[in-house]
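S.K.: Modelling step: build the complete structure from the supplied sequences, incorporating the hints.
Protein chains in written order, with my numbering: chain A, 1 to 502; chain B, 503 to 567.
Quick caveat, the hints were computed from the structure, so don't treat them as lab data. There's no promise every hint is true.
Unchecked claim - In silico DSBU-like cross-links for lysine-lysine, where the CA-CA straight-line distance does not exceed 30 Å:
hint, chain 1, residue 1, chain 2, residue 2
1, A, K150, A, K225
2, B, K559, A, K150
3, B, K564, A, K225
4, A, K499, A, K241
5, B, K559, A, K225
6, B, K564, A, K150
7, A, K241, A, K150
Claimed, not checked - Covered stretches of chain B (chain A as the covering partner; in silico rule of three or more C-beta atoms under 8 Å from a C-beta of chain A):
hint, region
8, 533-544
9, 555-567
Every residue gets a Cβ at the ideal spot worked out from N, C-alpha and C, and that includes glycine.
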Amino acid sequence: MAIRKILGLETEYGIIHRGTDESNPIAASSMLINAYIASLERTDRAKGPTAAWDFEDETPGNDARGPIGGPAMPPEIETHLVNAVLTNGARYYVDHAHPEYSSPECADPLSVVRYDRAGEEILLASMAAAANLLPPGQELVVYKNNSDRKGNSYGCHENYLMDRQVPFGRVVTHVIPHFVTRQIYTGAGKVGSELHGEEPDAVGFQISQRADFFEEEVGLETTLKRPIVNTRDEPHADAQKYRRLHVIVGDANLSEVATFLKVGTTAIVLCMIEDDWLNREFVFSASVPALRTVSRDLTLRQPLPLADGTSISALELQWELYDRARKYSEEFGLEAIGHDVGVAVLDRWEQVLSGLETEPSSVARQVDWVAKQRLFEGYRRRHDLPWSDARLAAMDLQYHDLRPARSLAARVDLERLVDPAEVATAVTEPPEDTRAYFRGRCLQRWGSQIVAANWDSLVFDVGDDPLRRVPMMEPTRGTRAHTGSLLDSSSSAAELLDKLGS
Amino acid sequence: MAEREQIRKSTSSRSDEETVEEAPAGSEKGEQLKAELDDLLDEIDDVLETNAEDFVKSYVQKGGQ
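M.R.: Structure follows, in structure tokens:
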């Protein structure tokens, strides 16, 4: 049976420092995050996240294909920049000159939406905190997008816990068709082209922010020659039992429904792969060009050539996967992502595909690219503008501006799946149903005694030598059910450690 | 399931040139959506950055992951 799909999103935000000519993105990102952490410590010293990130177990150069994966530059680990663990179990840090929020581990796709939205609130609070430190007229502004429209891209990565026993080749075979075609509802939309060697106005409007930046089918890199399937083999868990599929091909979404579907449909596809339920293989003649074709085909019906000489459109392929998923749910259930949430994913998937097929504007409240296109086309018609007009480029950026006064996404009436009160709670409280609970609760209660933390361990300094490391190699443990009473009954970190026997 | 199959069949002959952004003609919901879009377009120039060209030019990021 498919294993529990522990899930997470890592979002790199675009950042600009307004009101100065001397902006440096690394300094701006550091200031943003430090200002947030300082503001937390001022409000409530006990709740301030004081733990630094622990790099002990980082191995981003490991390749899921094994050592024969071919020559590649292993990603560098930047250990010198600001890097904090928050009480909701998330990691908040500077990565490649961007502020990055990595959600805590979540046990279902709706929880992912909640913690992704909490991340937006944390970035907003960070901007407000930074404004208090900056001279009048200066401001740090962040954008939840994936490109600067000048050929520079930054990611929104997804993480899925998988069964190590599943052959990686089978994973690759079946995720590529999904990744190439799910864009039709996960795409965040973009005005123009950023494809290397092509004029920006060669395309009016396309579905995906990221599709122009992918050059390989499978590979280890994440910053150059980006592959549709990333092979980073760093499970942050027991490597004998698990792999973590690290997905780099997606767009960051403002629509909660789009985030829900992006993570939910992919998790279900991975369950079907684990249970060997996908009987048809859709092998594209060339998957990288297919990825671009889908992004540039607003009809969603362009035939994509398959290696067997036939062809299939993005919409048809998504219907095939949906139909198979519905049958899978009837046969196996969807306990691996929480059955009820899983069924909600299937219902949404069907609703959105039906809408895209019959009348795309009917899903303008659910799909980012449709919301954007509808707004931009309206503006274009009203002012009789070509797609190359700077006002459309500005709107393209401003859709992703997090500030309520400037955000266009906030003005298109996107459907909400999570209550704002739940999001506010998720800013400080961890999910209760993964190991993030143990991390977050320990930080809330004994933050000053945790000297380092990472995904799979916490290091305590309780005054007596040596430092004591608590390993958390099992992402489904450390939940409230597992550790709630242990944590509640411990009056100090030392007592907790004694009870844990570490 | 059967219902969806039917929807798919009935739309398969739809012309691809049909403009995708138009709301369905005559439907009340479509009219309402169109009115909302018009309202938003009325206010949007107040929300947009004052100098679009400068703003777009100055938005430069280092590549990330």
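S.K.: Would you list, in rising numerical order, the hints stated earlier that this structure does not obey?
M.R.: Those not satisfied come down to hint 7.
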